[in-house]
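**Q** If you read the protein sequences in the order shown, they are chains A and B.
Residue 355 in the working numbering sits at position 307 of the first sequence, and the numbers go up by one each step.
Residue 488 in the working numbering sits at position 394 of the second sequence, and the numbers go up by one each step.
No lab work stands behind these hints, which were simulated from the structure alone.
These numbers come from a predicted model, not from an experiment.
Warning: the hint list may mix true and false statements.
Derived lysine-lysine pairs resembling DSS-like cross-links, with alpha carbons at most 30 Å apart [what the hints assert, rightly or not]:
hint, chain 1, residue 1, chain 2, residue 2
1, A, K85, B, K251
2, A, K186, B, K278
3, A, K182, B, K119
4, A, K351, B, K251
5, A, K182, A, K351
6, B, K119, A, K110
7, A, K85, B, K278
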Amino acid sequence: MPLVVVILGLMILGLLMIYSTSSYNAADGDQTGYLRKQLLAEALGSIGVFMILLFPYEALKKLGRRPWRYGLLVAGAASILLLLTPLAHSAKGATRWVQIGGLNLQPAEIVKLCLILYLAGYISENPEDINDLKGYMKPFGVTMGAAGLIYVVSSNLSSAIIIAGIGVLMLFVASKKWVWQAITFPGIIVLASAVVLNIVRTADDVSKLNYRFKRILVWQDPGAYLLDNGYQTLQALYAIGSGGLTGKGIGKSVQKLGTIPEVHNDMIYSVVCEELGLVGAAVIIILFGILIFRCLMIGLSSKDSFGMLICVGVMVHIAIQVSLNILVVTNTIPNTGVSLPFISYGGSSVLFLLAEMGLVLKVAGENAS
Amino acid sequence: MAEEKKRKKKRIPADLSLQQTITIKMALMSFAMFGVFALLLLRTWSIMRDNGEQYKKQVLSQQEYDSVIIPYQRGAITDRNGTLLAYSERVYNLILDCYLMTHDNNNGRSMEPTLAALSSCFGLNVSELRIYISDNPDTRYHILKKNVSYDEMEAYKAYIENFNATVTEENKEREDKLAKANEKAIWFEDQYRRTYPGGSLACDVIGFTTADGIGQYGLEEYYDDVLRGRNGREYGYLLAENALERTVVPAENGDTVVTTIDSYMQSVCEQRILEYNQKHANEYRMGEMGSDDTGVIIMDIHNGEILAMASYPYYDPNKPFDLSMYDEEFINRLVEAQGSEEAASQSLWSNFCISQSYEPGSVCKTFTVAAALDSGTLHDGDSFDCKGYLTFGEGDDTTMIRCHQRFGDGQITVKEAVEKSCNVALMLIGQRLGKERFLRYQKNFNFGLRTNVDLAGEMRTASLVFNERTMGITELMTSTFGQGFNVTMIQAISAYCSLVNGGYYYQPHVVKQIKEESGAVVENVEPVLLRQVVSESVSDLMIDYCIGVVDEGTGVRARPAGYRIGGKTGTAERSGQGKLDYTVSFMGFAPAYDPQIAIYVVIDRPNAASQENGTRYACLLCRDILTDILPYMHIFMTEPLSDAERKELEERGLKDTLSQNSASGNEAERDEQMTEVDTEEEQEELHVLIDSSTGYAIDPVNGEYLDPKTGVPINGDSGIFQDAEGKPIEIEVLTDPGDESDDPRE
Numbered sequence: 049m050p051l052v053v054v055i056l057g058l059m060i061l062g063l064l065m066i067y068s069t070s071s072y073n074a075a076d077g078d079q080t081g082y083l084r085k086q087l088l089a090e091a092l093g094s095i096g097v098f099m100i101l102l103f104p105y106e107a108l109k110k111l112g113r114r115p116w117r118y119g120l121l122v123a124g125a126a127s128i129l130l131l132l133t134p135l136a137h138s139a140k141g142a143t144r145w146v147q148i149g150g151l152n153l154q155p156a157e158i159v160k161l162c163l164i165l166y167l168a169g170y171i172s173e174n175p176e177d178i179n180d181l182k183g184y185m186k187p188f189g190v191t192m193g194a195a196g197l198i199y200v201v202s203s204n205l206s207s208a209i210i211i212a213g214i215g216v217l218m219l220f221v222a223s224k225k226w227v228w229q230a231i232t233f234p235g236i237i238v239l240a241s242a243v244v245l246n247i248v249r250t251a252d253d254v255s256k257l258n259y260r261f262k263r264i265l266v267w268q269d270p271g272a273y274l275l276d277n278g279y280q281t282l283q284a285l286y287a288i289g290s291g292g293l294t295g296k297g298i299g300k301s302v303q304k305l306g307t308i309p310e311v312h313n314d315m316i317y318s319v320v321c322e323e324l325g326l327v328g329a330a331v332i333i334i335l336f337g338i339l340i341f342r343c344l345m346i347g348l349s350s351k352d353s354f355g356m357l358i359c360v361g362v363m364v365h366i367a368i369q370v371s372l373n374i375l376v377v378t379n380t381i382p383n384t385g386v387s388l389p390f391i392s393y394g395g396s397s398v399l400f401l402l403a404e405m406g407l408v409l410k411v412a413g414e415n416a417s
Numbered sequence: 095m096a097e098e099k100k101r102k103k104k105r106i107p108a109d110l111s112l113q114q115t116i117t118i119k120m121a122l123m124s125f126a127m128f129g130v131f132a133l134l135l136l137r138t139w140s141i142m143r144d145n146g147e148q149y150k151k152q153v154l155s156q157q158e159y160d161s162v163i164i165p166y167q168r169g170a171i172t173d174r175n176g177t178l179l180a181y182s183e184r185v186y187n188l189i190l191d192c193y194l195m196t197h198d199n200n201n202g203r204s205m206e207p208t209l210a211a212l213s214s215c216f217g218l219n220v221s222e223l224r225i226y227i228s229d230n231p232d233t234r235y236h237i238l239k240k241n242v243s244y245d246e247m248e249a250y251k252a253y254i255e256n257f258n259a260t261v262t263e264e265n266k267e268r269e270d271k272l273a274k275a276n277e278k279a280i281w282f283e284d285q286y287r288r289t290y291p292g293g294s295l296a297c298d299v300i301g302f303t304t305a306d307g308i309g310q311y312g313l314e315e316y317y318d319d320v321l322r323g324r325n326g327r328e329y330g331y332l333l334a335e336n337a338l339e340r341t342v343v344p345a346e347n348g349d350t351v352v353t354t355i356d357s358y359m360q361s362v363c364e365q366r367i368l369e370y371n372q373k374h375a376n377e378y379r380m381g382e383m384g385s386d387d388t389g390v391i392i393m394d395i396h397n398g399e400i401l402a403m404a405s406y407p408y409y410d411p412n413k414p415f416d417l418s419m420y421d422e423e424f425i426n427r428l429v430e431a432q433g434s435e436e437a438a439s440q441s442l443w444s445n446f447c448i449s450q451s452y453e454p455g456s457v458c459k460t461f462t463v464a465a466a467l468d469s470g471t472l473h474d475g476d477s478f479d480c481k482g483y484l485t486f487g488e489g490d491d492t493t494m495i496r497c498h499q500r501f502g503d504g505q506i507t508v509k510e511a512v513e514k515s516c517n518v519a520l521m522l523i524g525q526r527l528g529k530e531r532f533l534r535y536q537k538n539f540n541f542g543l544r545t546n547v548d549l550a551g552e553m554r555t556a557s558l559v560f561n562e563r564t565m566g567i568t569e570l571m572t573s574t575f576g577q578g579f580n581v582t583m584i585q586a587i588s589a590y591c592s593l594v595n596g597g598y599y600y601q602p603h604v605v606k607q608i609k610e611e612s613g614a615v616v617e618n619v620e621p622v623l624l625r626q627v628v629s630e631s632v633s634d635l636m637i638d639y640c641i642g643v644v645d646e647g648t649g650v651r652a653r654p655a656g657y658r659i660g661g662k663t664g665t666a667e668r669s670g671q672g673k674l675d676y677t678v679s680f681m682g683f684a685p686a687y688d689p690q691i692a693i694y695v696v697i698d699r700p701n702a703a704s705q706e707n708g709t710r711y712a713c714l715l716c717r718d719i720l721t722d723i724l725p726y727m728h729i730f731m732t733e734p735l736s737d738a739e740r741k742e743l744e745e746r747g748l749k750d751t752l753s754q755n756s757a758s759g760n761e762a763e764r765d766e767q768m769t770e771v772d773t774e775e776e777q778e779e780l781h782v783l784i785d786s787s788t789g790y791a792i793d794p795v796n797g798e799y800l801d802p803k804t805g806v807p808i809n810g811d812s813g814i815f816q817d818a819e820g821k822p823i824e825i826e827v828l829t830d831p832g833d834e835s836d837d838p839r840e
């Protein structure tokens, strides 16, 4: 039950901030438009949670076993490939949604859910396989394939990173050979970063650089690249900085008034800081901490490895997304579009997050019985 | 041992071993996550700590303190019935924010498609815009176009929306190449535009407003401070604790001015004036319209309210510099005379009725006669001998002035002198009156003084009339028949009203009421009675004489079909002109025995072959106007119609209200007064006595008092006034004879 309270708390806080940030910028004068859309998605998600809870745990486990597991792969891949069909829907300059019956779904979210179920099923069925390189490469390949597909089809680097992160960390948790993983992956990340940084710094003509590389330059000096993404980053920093300990008070943000682009979306944390101050930021981070902790406790008391792995996947997903989002908003890492779970505006994101929470609650229910 | 070990290993199920691994690593990982979260919070805190003050200032400095003006809405001008003559319509200014245009590209918004949209929706020059933006990249406010209508604004917004929707589809691949239009750098500011829905209707009375909202000419100028409101303001300021406070002071809109003008009468006058000028164009002088100027004023004689004031040429206050309603020849002549096209336009703005003086001519004979009668130097019935000329003065100063009737009018009475417009008789009257009395009465009639009508641009005529020093015998003689001194139309008709309303001189006015935007009345303009000019009996005589002019004198053509009116014609030589030019006029009142309105028609330099034709035109124009206006005022016909007149009325779509009149019986009180000219029999039949102490009618049957309007007994039970057969009848209330000194028949 504490998990449900935490989720509700985050969602209420999120709705509050969405209303606060979106009501001013609402294009057609409909001040509660975003709020109502988000509320609808959360209601749908809650129904999803109940449906999952009614679903027998054994059937859920069966979904992770062969041959159903391949169904998950097919479903994930198919949802990505839907982006190449006329169902694809573009917004804000990127094709990341498919429109089905008036609902905008982000295939990346579907893939995340499928991947968690797939890996939990695969690892619990083949516990020893991942301890050698050959066996490890199979689930790792699936993970990287999904991430690669997402990146290629929807040019969505942040989703690809999150998917890769979920997979790699789930495998890491399950693998007995953990020393080389713990060293190798960070090593690869550091090496790749160094290479990229070098490319960017030695570039003769900055304007010819890919926009992803440019974002690294922006990250290092947002004030110098206002025309690229620097403006958004800098304004978000101003918002955070001007919040102080207790903030300006709810609804009193100045920066949300058209100054920070997409403020109800990826940048919502900056307005949380501006309106609610460090206290508000701490409350949100602590709520996420409790969420992680509850996932950990449910996972640890799970009777089988499948349930544990599901908890690991969900926990990792949320942790990565929270970390990346706040790191971006505080300009600690280069800008990439990651939303803050339960807080940022985004229907399909909250829908699938709730579905994942439903899985965790299902595991918890199974523990209790 | 090895086997045992193996067995031991096998005994531990694979899943359990996996669970152990997960347990350890999961716990470790979540601790790592807590650590990361703590770092996130630390990072947030460090931003607040290190840059908090700087960023707070930065945020405040980005706010807009500059005040935004909220424009007021200028008050409307309506006619007496509330019809809008002028109002301020909400329009928009198209504003370019160069700073956003060049800096707000982070969401893939680009300048080029925005410029293309501006060019296609508003016809703006793209290269000029580009130059302006590159020259002033930090300008936040630049008016690209004024007076953009709501529809134009919506069309632009729809264009941008559609454009941005299509762009996204086409450029899925790369975010930075997106060419979305920048919707934030272009915005619309509220503004008001003065609109005159009637076009040129009452243009001379209303005037117009400049683009800056300053009233020019007419009411717009005279009542500028009433119509004008006060701009509101939205501004921001810093409070002590580094918080921004924005305050809105709403705009105060201007008051509405309700005029005494009646749109229908006004439009009839303008229409007829225009018809006259078009019909008689090129009649005598080629390439000219029917006149240089034509003016008509209609006034309510009982309170000085101006019901219509029209003149030709006119202009459109919506586009005061537009001359397109005139033909090329007219414009060329006007431009030639005025020097430039701008001056030509400007020449049309002044109101002929108040801003131009002329020698009034014979219409002034009424004033001379009234003055003589009032001063006791002349009596009704006095007669004069006209030999066709009069000589006066002695020796070298001997002057001879001819009557317009070369061979003399013979022995004529005062009334006939007015009817025939005899100059000699008038000069003889003038000799009796003398210079001092003449000047005193002229002053009483307000000649030489401004009437102070509430319109901008009334002309001063102080130097255009004679005074004690400048008036010699010749000047006195010519002045008696309206030559030698100048008046404006408004002066003449205001004075004339006093002649026919019992002698009361009211200050003419155009505004009845001033209202707030909400409709609350700020001020009711009451009639201003300045003085009594002549006695009531003189006024009665003047009415009689003027009716004679139309009945059998020079003004017969001015009588509208079915009505009896009074008036005086006027033909004046324009002095200071080499060739003989005339100003012809007709000044009259209607209806004959209960004057309600006065009308004055002046045609300056009629395009007519002869003086007689010119005078006739003035009468005909008056007749034309009254034919439409009198039925509109619910004044019933009193005169039998000839077949030709009946046909004329049918063609105009007007009813014969004479026959209707006897059938309809009792209507409004006003109509009742008109129908007093009924047959003797009817009068006897319905004769009701009036109780002199209460003013109520007395029922001849039972002696009860009756309500004069409804015929219902005041304190009786029967409710309906019945005749012998018990059938309800309508009564005609007759006032006690003798009280009605207004009635000239008595």
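**Q** Determine for every hint whether it applies to the structure shown.
**A** Verification of the hints:
The hinted pair formed by K85 of chain A and K251 of chain B meets the criterion: a straight-line CA distance of about 24 Å does not exceed 30 Å. Among the hinted pairs, K186 of chain A with K278 of chain B is inconsistent with the structure: their alpha-carbon atoms are about 50 Å apart, more than 30 Å. For the given pair, K182 of chain A sits about 22 Å from K119 of chain B by alpha-carbon distance, which is consistent with the 30 Å threshold. For the suggested pair K351 of chain A and K251 of chain B, the alpha carbons sit about 60 Å apart, so the restraint of at most 30 Å is broken.
Taken as a hint, the K182 of chain A and K351 of chain A pair is honoured in the structure, with Cα atoms around 28 Å apart against an allowance of 30 Å. Of the pairs offered as hints, the one joining K119 of chain B and K110 of chain A holds, with about 25 Å between alpha carbons and a cut-off of 30 Å not exceeded. A threshold of 30 Å between alpha carbons decides the hint, and for K85 of chain A with K278 of chain B the separation of about 25 Å falls inside it, so the pair holds.
Figure legend: structure checked against the earlier numbered hints; hints not met, in rising order: 2, 4.
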